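Residue 1 is where the sequence shown starts when you use the working numbering, and the numbers rise one by one after that.
Do not take every clue at face value.
As the list claims (entries may be wrong) - Derived pair list, reagent style DSBU-like, types lysine-lysine, alpha-carbon separation capped at 30 Å:
| id | residue 1 | residue 2 |
| --- | --- | --- |
| 1 | Lys131 | Lys254 |
| 2 | Lys68 | Lys106 |
| 3 | Lys68 | Lys141 |
| 4 | Lys256 | Lys106 |
| 5 | Lys121 | Lys256 |
| 6 | Lys105 | Lys254 |
| 7 | Lys43 | Lys352 |
| 8 | Lys131 | Lys43 |
| 9 | Lys121 | Lys106 |
| 10 | Lys105 | Lys131 |
| 11 | Lys131 | Lys106 |
| 12 | Lys43 | Lys122 |
| 13 | Lys122 | Lys254 |
If you're looking for bench data, these hints aren't it; they were derived computationally from the structure.
Only a predicted model underlies this, so the values are computations on that prediction, with no experimental measurement involved.
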Amino acid sequence: EQAAGARLPAHALDLFALLGSHGEGGRSTGSSVVEALRLQRSKLAAESSHHKANGARSDSMGLIAYQKQVFQLFADLPRGACNGKDCERFLADAYINKEWVRSYKKLAPELGAVFVPLLWKKLTDDWPWTKSSASMQWRRKLVAAWQQLDHSRLHFVVLMTTHLGEVQQFLGSMSLPMINMTNVIVFDSRGNDSIPAFPIPLLHHATMNVGEAERTISVSFRGSCTDRGTRIRHTLSDLFANFSGSRVARCGEKSKSFGDELRSSVFSLAPPGSFPTSFRQFEAIQVGALPIVLGDRTYFGGTLWLPFQDLGVDWNAMGFALTEDELPGLPARVRAVLDDPASLRARLDRTKQVAALFTPAGLLEYVLYVMTFYASTAPGSFEQVLSNACISGLLAREAVGKAAGREGRSGSERQ
Numbered sequence: 001e002q003a004a005g006a007r008l009p010a011h012a013l014d015l016f017a018l019l020g021s022h023g024e025g026g027r028s029t030g031s032s033v034v035e036a037l038r039l040q041r042s043k044l045a046a047e048s049s050h051h052k053a054n055g056a057r058s059d060s061m062g063l064i065a066y067q068k069q070v071f072q073l074f075a076d077l078p079r080g081a082c083n084g085k086d087c088e089r090f091l092a093d094a095y096i097n098k099e100w101v102r103s104y105k106k107l108a109p110e111l112g113a114v115f116v117p118l119l120w121k122k123l124t125d126d127w128p129w130t131k132s133s134a135s136m137q138w139r140r141k142l143v144a145a146w147q148q149l150d151h152s153r154l155h156f157v158v159l160m161t162t163h164l165g166e167v168q169q170f171l172g173s174m175s176l177p178m179i180n181m182t183n184v185i186v187f188d189s190r191g192n193d194s195i196p197a198f199p200i201p202l203l204h205h206a207t208m209n210v211g212e213a214e215r216t217i218s219v220s221f222r223g224s225c226t227d228r229g230t231r232i233r234h235t236l237s238d239l240f241a242n243f244s245g246s247r248v249a250r251c252g253e254k255s256k257s258f259g260d261e262l263r264s265s266v267f268s269l270a271p272p273g274s275f276p277t278s279f280r281q282f283e284a285i286q287v288g289a290l291p292i293v294l295g296d297r298t299y300f301g302g303t304l305w306l307p308f309q310d311l312g313v314d315w316n317a318m319g320f321a322l323t324e325d326e327l328p329g330l331p332a333r334v335r336a337v338l339d340d341p342a343s344l345r346a347r348l349d350r351t352k353q354v355a356a357l358f359t360p361a362g363l364l365e366y367v368l369y370v371m372t373f374y375a376s377t378a379p380g381s382f383e384q385v386l387s388n389a390c391i392s393g394l395l396a397r398e399a400v401g402k403a404a405g406r407e408g409r410s411g412s413e414r415q
């Protein structure tokens, strides 16, 4: 799926080529994409286990013991535990934490790393960070626990809703030192930093269901007025005011039927939120709507954050990934697809095919695949992992698939 000339990280692969699904109209189910990724991880783990030296068992036991120690270090901090409907108020990191606790004795040796299981939202979501006594106490405990990590070992974290720049800010607001990120691999859902990190989607714990509704809404948007600088969200209603079948609300206009509205939409507008990405960008995919991802140049890290391009996901083969300068021509692009039944069907099929990746289970599989890849190909080389995280982050800043190339937007060599 990747356009010629785009620099790819070492772990990159094309899941759709592996499935042999090109030109098959989406016959493969979305779950098979995750299964294909799981199969690749299993092969890497098996090959790595075959080549490990005789001391592998003692190393594995040491990792397991250290992971238990890390669990204890952070036991007094938000780690997440939910069941049933209670999970609806959690994010995807709670799912990852739960699955890691359940399987760490197998996974830690395979990955050659330990996981720091935190719910970062509870540590960061009380701006200006100096009013909540409970959150302030958590942050003090975070710094104290982090200082006890063994940075000669490899760790990884999944930052859901926050990013390292914000971590530095909220610690600084309390005159606390920044946590040491030596030998810590970051999976980032926000895309607001220039710090090397592997891009992941911003997800709730609960996945939105597709439903059975007919797609009677041509293009939709409903959300708060959280954008910055260019105020993209404030322009969308006027932009699509005369567009047939659209339901593009003014930002701030809420509706209890948001979910049904999204399920009934062909296209869903996904402007940036407080950061370059938003939950809607990925909720649209979960319900089978075509995401129109809009970039805003005022964000520090970059205008767009498009996860899974390193797996062959082509955002312009689903909806569109555009910068704010391209907004005036957006209605014409949407109309052209709606008037082309073959193109529309291909886009809907591809979105359905990738949807399982944009769930907590798909996210977990991606994290495990990336970690297993570098454990098997570059064991102990944090610098090499960091370099490929940097390339992955650059890849997420611009749509680079074949469809993007046809739009004349890709193909530049990353540096």
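A quick look at each hint next to the structure:
no. : hint               : in the structure
1   : Lys131 with Lys254 : holds, 28 Å
2   : Lys68 with Lys106  : holds, 13 Å
3   : Lys68 with Lys141  : holds, 18 Å
4   : Lys256 with Lys106 : violated, 43 Å
5   : Lys121 with Lys256 : holds, 24 Å
6   : Lys105 with Lys254 : violated, 45 Å
7   : Lys43 with Lys352  : holds, 26 Å
8   : Lys131 with Lys43  : violated, 49 Å
9   : Lys121 with Lys106 : holds, 28 Å
10  : Lys105 with Lys131 : violated, 39 Å
11  : Lys131 with Lys106 : violated, 41 Å
12  : Lys43 with Lys122  : violated, 37 Å
13  : Lys122 with Lys254 : holds, 25 Å
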